[in-house]
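Take the sequences, apply the hints, and build the full model.
Spelled out from the first residue to the last, the chains are:
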Amino acid sequence: AQSVAQPEDQVNVAEGNPLTVKCTYSVSGNPYLFWYVQYPNRGLQFLLKYITGDNLVKGSYGFEAEFNKSQTSFHLKKPSALVSDSALYFCAVSRYSGGYQKVTFGIGTKLQVIP
Amino acid sequence: DAGVTQSPTHLIKTRGQHVTLRCSPISGHKSVSWYQQVLGQGPQFIFQYYEKEERGRGNFPDRFSARQFPNYSSELNVNALLLGDSALYLCASSGATTGSYEQYFGPGTRLTVT
Numbered sequence: 001a002q003s004v005a006q007p008e009d010q011v012n013v014a015e016g017n018p019l020t021v022k023c024t025y026s027v028s029g030n031p032y033l034f035w036y037v038q039y040p041n042r043g044l045q046f047l048l049k050y051i052t053g054d055n056l057v058k059g060s061y062g063f064e065a066e067f068n069k070s071q072t073s074f075h076l077k078k079p080s081a082l083v084s085d086s087a088l089y090f091c092a093v094s095r096y097s098g099g100y101q102k103v104t105f106g107i108g109t110k111l112q113v114i115p
Numbered sequence: 001d002a003g004v005t006q007s008p009t010h011l012i013k014t015r016g017q018h019v020t021l022r023c024s025p026i027s028g029h030k031s032v033s034w035y036q037q038v039l040g041q042g043p044q045f046i047f048q049y050y051e052k053e054e055r056g057r058g059n060f061p062d063r064f065s066a067r068q069f070p071n072y073s074s075e076l077n078v079n080a081l082l083l084g085d086s087a088l089y090l091c092a093s094s095g096a097t098t099g100s101y102e103q104y105f106g107p108g109t110r111l112t113v114t
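The listed protein sequences derive, respectively, from chains A and B.
Counting with my numbering, you get residues 1 to 115 for the letters of the first sequence.
Counting with my numbering, you get residues 1 to 114 for the letters of the second sequence.
Hints listed in this document are in silico derivations from the structure and should not be mistaken for laboratory results.
Check the hints yourself; a few may be wrong.
Simulated restraints, written as ranges between beta carbons of each label pair [as the list claims (entries may be wrong)]:
(1) Ser27(B) - Gly98(A): 21 to 31 Å
(2) Lys13(B) - Ser70(A): 41 to 51 Å
(3) Pro61(B) - Thr20(A): 32 to 42 Å
(4) Asn17(A) - Leu82(B): 17 to 27 Å
(5) Ser65(B) - Pro79(A): 20 to 30 Å
(6) Ala2(B) - Ser60(A): 11 to 21 Å
(7) Pro115(A) - Pro70(B): 43 to 53 Å
Chain A is nowhere near these chain B residues, computed Cβ spacing over 10 Å in every case [as the list claims (entries may be wrong)]:
(8) Val4
(9) Ile12
(10) His18
(11) Gly28
(12) Ser33
(13) Pro43
(14) Lys52
(15) Phe60
(16) Asp62
(17) Gly84
(18) Gly106
(19) Thr114
Glycine included, each C-beta is placed from N, C-alpha and C at the ideal position.
Laid out in structure tokens, this is it:
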């Protein structure tokens with residue numbers, strides 16, 4: 001079984017401040033980890049992924065994520081938040097199982113950037 | 001290049017009716033997955049198709065079915081609709097099914113069952 005936990009329903013941050021959106025996961029074997037963003041009434045957009053290698057992954061729009069195997073975490077970060085970053089963020093874990101890509105999403109964290 | 005497209009955008013159906021949702025993947029993508037997103041939750045996996053074959057199925061009843069066509073577009077069918085089927089249905093395409101590929105999502109179809 002695999003699972004993703006996003007412990008915060010909402011994260012509030014002032015514009016210009018650093019932001020962190022937390023994610024922990026559970027999966028057997030090596031994890032493939034993803035972050036997606038969803039704007040109102042839209043589908044999900046891919047931000048970044050960790051497959052292997054460097055624990056710090058850089059993605060779109062200045063976002064980055066840090067993979068920590070010992071803590072089974074994959075927190076999303078950005079050095080300086082923008083109002084336009086306000087959206088719903090989903091962490092996901094993926095593995096190849098039974099001939100297909102099994103993807104499990106967290107429940108999402110709403111990011112509110114305050115001007 | 002066009003992204004993933006889905007139709008219709010919105011749909012209102014009555015309990016017991018049947019619905020068909022459609023998806024066209026990104027050109028060159030052979031894998032299509034369907035997800036159900038209920039308000040306040042993350043997407044829940046329904047099906048994955050690759051090269052016109054069902055590769056995986058989530059924990060959904062047999063009322064849900066899907067197929068993929070030779071041009072890799074896909075349909076999701078839901079029979080005997082229940083109020084609980086009201087959700088945003090998302091289609092996603094990817095280049096393969098190996099697990100390390102990111103998925104590209106369409107805008108979704110908002111289904112309301114009354």
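Outcome of the hint check:
no.: 1; hint: Ser27(B) - Gly98(A): 21 to 31 Å; verdict: 28 Å, holds
no.: 2; hint: Lys13(B) - Ser70(A): 41 to 51 Å; verdict: 48 Å, holds
no.: 3; hint: Pro61(B) - Thr20(A): 32 to 42 Å; verdict: 39 Å, holds
no.: 4; hint: Asn17(A) - Leu82(B): 17 to 27 Å; verdict: 44 Å, violated
no.: 5; hint: Ser65(B) - Pro79(A): 20 to 30 Å; verdict: 46 Å, violated
no.: 6; hint: Ala2(B) - Ser60(A): 11 to 21 Å; verdict: 19 Å, holds
no.: 7; hint: Pro115(A) - Pro70(B): 43 to 53 Å; verdict: 50 Å, holds
no.: 8; hint: Val4; verdict: 7 Å, violated
no.: 9; hint: Ile12; verdict: 16 Å, holds
no.: 10; hint: His18; verdict: 24 Å, holds
no.: 11; hint: Gly28; verdict: 16 Å, holds
no.: 12; hint: Ser33; verdict: 7 Å, violated
no.: 13; hint: Pro43; verdict: 5 Å, violated
no.: 14; hint: Lys52; verdict: 14 Å, holds
no.: 15; hint: Phe60; verdict: 14 Å, holds
no.: 16; hint: Asp62; verdict: 19 Å, holds
no.: 17; hint: Gly84; verdict: 18 Å, holds
no.: 18; hint: Gly106; verdict: 5 Å, violated
no.: 19; hint: Thr114; verdict: 20 Å, holds
The structure fails to meet hints 4, 5, 8, 12, 13 and 18 from the earlier list, while all remaining hints are met.
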